[in-house]
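The listed protein sequences correspond, in order, to chains A and B.
When we follow numbering that gives the first Met the number 0, the leftmost residue of the first sequence carries the number 0, and every step to the right adds one.
When we follow numbering that gives the first Met the number 0, the leftmost residue of the second sequence carries the number 0, and every step to the right adds one.
There could be a bad hint or two in this list.
Derived PhoX-like pairs (lysine-lysine); straight-line CA-CA distance at most 25 Å [to be verified]:
#1 B:Lys146 x B:Lys29
#2 B:Lys369 x A:Lys29
#3 B:Lys182 x A:Lys182
#4 A:Lys369 x B:Lys29
#5 A:Lys146 x A:Lys29
#6 B:Lys182 x B:Lys146
#7 A:Lys182 x A:Lys146
Hints were generated in silico from the structure; no laboratory data involved.
The structure presented is a predicted model; accordingly, all values stated were derived computationally and were not measured.
Protein chains: 2
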Amino acid sequence: MVAPSARSLADNLLRPRSVAIVGASGDPRKTTSRPQRFLRHAGFAGAVHLVNPAREELFGEPCHPTLAALPEVPDHVFVLTNAEPAIETIRECAELGVPVATVLASGFAEEGEAGREREARLRAAAEAGGVRLIGPSSLGVVNPREKVLLTANAAFDEDLLPGEVFVASQSGSIIGALVSRGKARGIGFAGLVSVGGEADLSIGAVCEATVDDPGIAAYALFMESLQHTEELARFARAAHRAGKPVVVYKLGRSAEAAALSVSHTGALAGADDEADAFFRACGFARVDHLEALIEAPALLRRVSARTWAEPPRVGVITTTGGGAAIMVDQLATRGVRVVAPSPQVLDRFARAGVPVAPNLIADLTLAGAKHDLVRSAIEIMQDSGEFDLVCFVIGSSARSNPELAVRAIAECADGTVPLTAFALPDAPATLELLDTAGVPAFRTPESGADAIAATLARTVPTVRPRAAPPGAAPTTARVLDEAASARLLAARGVPVVPSVTLTVADLAVEPDLPFGYPVAVKALSGDLPHKTDAGAVVLGVDGPAALRAAVERIVASVAAHDPRVVVDRVLVQPMAEPGVAEALVGYRVSPAAGPVVLLAAGGVFAELYCDSTVRLAPVDAATAREMVAGVRGLGVLDGFRGTEPGDVEALVETIVAVSTLAEHHPEVVEAEVNPLSVRAAGRGAVALDALVRIAPPQGGDRSCR
Amino acid sequence: MVAPSARSLADNLLRPRSVAIVGASGDPRKTTSRPQRFLRHAGFAGAVHLVNPAREELFGEPCHPTLAALPEVPDHVFVLTNAEPAIETIRECAELGVPVATVLASGFAEEGEAGREREARLRAAAEAGGVRLIGPSSLGVVNPREKVLLTANAAFDEDLLPGEVFVASQSGSIIGALVSRGKARGIGFAGLVSVGGEADLSIGAVCEATVDDPGIAAYALFMESLQHTEELARFARAAHRAGKPVVVYKLGRSAEAAALSVSHTGALAGADDEADAFFRACGFARVDHLEALIEAPALLRRVSARTWAEPPRVGVITTTGGGAAIMVDQLATRGVRVVAPSPQVLDRFARAGVPVAPNLIADLTLAGAKHDLVRSAIEIMQDSGEFDLVCFVIGSSARSNPELAVRAIAECADGTVPLTAFALPDAPATLELLDTAGVPAFRTPESGADAIAATLARTVPTVRPRAAPPGAAPTTARVLDEAASARLLAARGVPVVPSVTLTVADLAVEPDLPFGYPVAVKALSGDLPHKTDAGAVVLGVDGPAALRAAVERIVASVAAHDPRVVVDRVLVQPMAEPGVAEALVGYRVSPAAGPVVLLAAGGVFAELYCDSTVRLAPVDAATAREMVAGVRGLGVLDGFRGTEPGDVEALVETIVAVSTLAEHHPEVVEAEVNPLSVRAAGRGAVALDALVRIAPPQGGDRSCR
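Take the sequences, apply the hints, and build the full model.
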């Protein structure tokens, strides 16, 4: 027999030849009695060893006092005891050379200082012997293909449907919910892991370990918070290479839910925006409907990740006008482009004997749900070259007469472009039939539109390995003053307004400016990040006397605002010509996602509308252009309402320049160009104010593990 | 026997003692064979008369050549023939005194001029004999309680679940979809009507006719477009008096879907916004998830319509932290306020032996899904006075052990505040059990949150009967010039900036202004609705010479912009002091919804963000305040980011004043105050520009029927 340690992590995790259940119970009402029962009920073919010093047998099977007393070293140990005994068990695992252990107990890092100390001991115990841990707080590991039910979750007390989607979840109850909801839809799973507290193996590490498993075709992740991103990024690249798409559902779209698991990191870019940016860079499809997590993988397998030159075109064809209109509404409100069949396509319909009126939807209601007509119509849509995806909305025949339209749809599964379907009535058998035939099908229009939108938005992963993993936000950061901030950003290629630094004492004599009046005058201090609030800015200063008066006013205002701040220098800049729009270009090192670049419209409205877009930094020009298109308030740059179009390319170059801080200035933890005045097309852009925060390089303790 | 005509419309519609099927077929593959089969299969107790001149019997039952040949006048005739023969049949119905007929055929108003003419003949045939029509294009009328299956929809070829919700739908296929989806959820219906083309009985009229039916407890409407609003409003008031809540799903949230059924009526307030305003005024709860249409009625029956003094407080309690976090996310993103249990409640939990950590969610995971503990915890939440609604998120026990938490939840159905539930796993039996017990339950977190948000947003109906029904937008409207517009609005109480009208000829001598310089100068013409675009405005004019120059510039600019417009008069106004914010207050007579008042932030951003709110006019101050709160861009009025708070009350008074056009100026079809400059609190607001469009009073042909 191969030593357990010589087998792969994935094999020991998902295909153990032998398992041990430590803390197994003989009381059938107890949670800890479940794993033995589940394994036996499912018919697990490997050895099941029971460990409980208080019992000699459990449900007719022998029980051992310790792991050491077992006849072999198990490939995977499931630890059901409380926290402290669990640490003891992991120590025993380490001594014996057990390769993988899953820990059910809670009471670790989530429970304050004492819990963190306990988790450190758990981890140390495992590391001492090379034991890889799932958990703590893990509801277990399930592989329906091999009847591995190492779980205490009551949801697994039934027959499981094997499938090709692998689920990893930070919430234990979700794996049970997905199993039952999948079953109701005829969708099974290749494996389900509740990763729990991720003390050792993170959600990314678990998935990466399984990426060569030929029985896994796609991944579905349920996340409560974004952590261990380096491993998630490594998995993203591996999954892309293996051609296995990933769909993710993450809590925290709302501040309330985000607060339940993770604290905010900024005013404009909440942690969820950063997670969004991270998933995008990973090439993950993020969905917002729970059931889309189950339904999207089939579609993701049929539509490859790519950057579309033009927005992808979805064609909608139906036997129910009302149902199709619902789907159009759902798609369009998510920004998916639904296009009408052209006159040429309508002509081909007519020649095939399928009467279809010119409309956004190809409505076959008049033709009826007849097999041959439906099939011809779908093929005409697929072969037209006018659509990148075709969505069939099936009416009542989906439930009452699947041999009509449904059979025709199933036969078009491998047509020229991917085909997907939504059934208006409740029709679980039809959805399963279509999925099996290779036509991804959806139970609700909302889940379907969510999955389609997320699928079409998915690009190839761009996330790169990082030199050092991100850590907690440094607390010792300091703010550079505007002049120093501007110099640092100018060196990266950000166009900044020219400026002169004057000491307040200098102003006794008339200053010699390299530009003419009028000018803007600002206090220069690293202690004044919000200069306007402190009365530290005077605009439109039109001569030397006014300049002196402005400086005096600034000194007085700042002193009144905060007596601890002494203004001894000011920055003088020429007044800029008015721009078409003002933008905010920000940069931040997110503790979870790493460096990100942010774009928002300038001014109070962007904040009121929470109108900003975030990407992992650095970005290329194409991504920066995508960001500009993603900020509604910057729509003025397109020449909205007769105004002159703005210099989008200058804005794009600035975004790219700011984003390169990620590569060139690891000491910068935050930067903000606000406002960047974007002028009319061809006339450039200029940063009117800038702020940079830097932190000293940190030592090895910066690692988050 | 009572003559059919002496019975109520509802009785003949939903409880016919006898029905006739005209155009019934003997070919079981044909749609037209279905009604006979459905009625017999369901066991309809009344008489079923078959009419088909080509047949003597159908499936063993006698068949008659004409309606006149029947032994009695049927209460309800279902007409399955094509369009022209259907008109003939309605004529026959009229002669015989048939009270209600449902017409399946299409080919009427939706088919252009010929179709409209056909529909006029259909209507005339019915009116001649007092026949009330459902349809044309109706898939039928179903009453599961009385086994009335007057439908040709294949979806009804199965056993139906009777229930207490009445469905009326502008889409025929939806009634079938709701029946099967409801059945999968254990929810049945009191009746389902496909209203089709509403040539006679509109969706509102059908519902109003049934409002006294004691077997109907709530209504679910599916709408493709807003029409026949006077009848819908009448139904809304009747439903409210009868204590029967109404939930509505309407297509057209997206422009694409709106275009499928109805054309746009304005730039900022699309038809869908007007529908939203109309539903709100009707006290309808509007949902966005298809299945919320099925699931919301149970909740609406338990939470009465009201205006909440404070935003209603939702408490979330759970046996699955992850599942509850999903629900919190869904609720919070819809603006529903989720509140944490207070320390007092946590203390009561502790004394009841239920360990709950302080958090937004009352998480019973540690306590476990034990019947007594769950029941105590729910009762503590319900009795605390801290929540207006309690939502229980049930974990795996919902599927595997409903005798634990689920039974406890069911027992709390009649607690101090309404209780609702979402089951994380697939658990149809549990959902049905809870619904039956009186705990509205939800299959998905999205549908649940949608239903909860819509329920809590519902108010008592405020919609009033209108003197005349709205009609198509008049084509002869003309624009009043700014001076006339301002006078009309000032008379309604809108604060307008003072102004003087000068003829261009006057300017040879220095004008005598009742206010000082600087002034604003604008061309005065009803032919220049967009003055700025035409170069017809000059601001900051600081003396008589500058005024002359400004007028010359305006005359030249307008001539260059549009040679057909001759500027012979200008309006001169004092330059207004700068305000805290600019708003747009609009008014419009919507062809569907009637007079509406609109509020948006001023400037280009409001358009970019589609940030506006619409209500039926007139509005009271409370509603106007609600409108101000509903426009994100007007958040600056609250003193955002250290700016001075704005005079919200002056804005509110202006909205109310503009909205009174609905009562005092029936000739006004559109008005716009843009911008209204809102000053700091206590300093008022002032309209800087105004525009009014009026149409001559129209004759009787304005009616839409």
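These are the hints, each one checked on the structure:
1. B:Lys146 x B:Lys29: holds, 21 Å
2. B:Lys369 x A:Lys29: holds, 13 Å
3. B:Lys182 x A:Lys182: holds, 18 Å
4. A:Lys369 x B:Lys29: Given pair A:Lys369, B:Lys29 holds - Cα atoms ~13 Å apart, limit 25 Å.
5. A:Lys146 x A:Lys29: At roughly 21 Å apart (the allowed maximum being 25 Å), A:Lys29 and A:Lys146 satisfy the hint.
6. B:Lys182 x B:Lys146: holds, 16 Å
7. A:Lys182 x A:Lys146: Answer holds: A:Lys182 to A:Lys146 is near 16 Å, not above 25 Å.
When each numbered hint is compared with the structure, no violation occurs for any of them.
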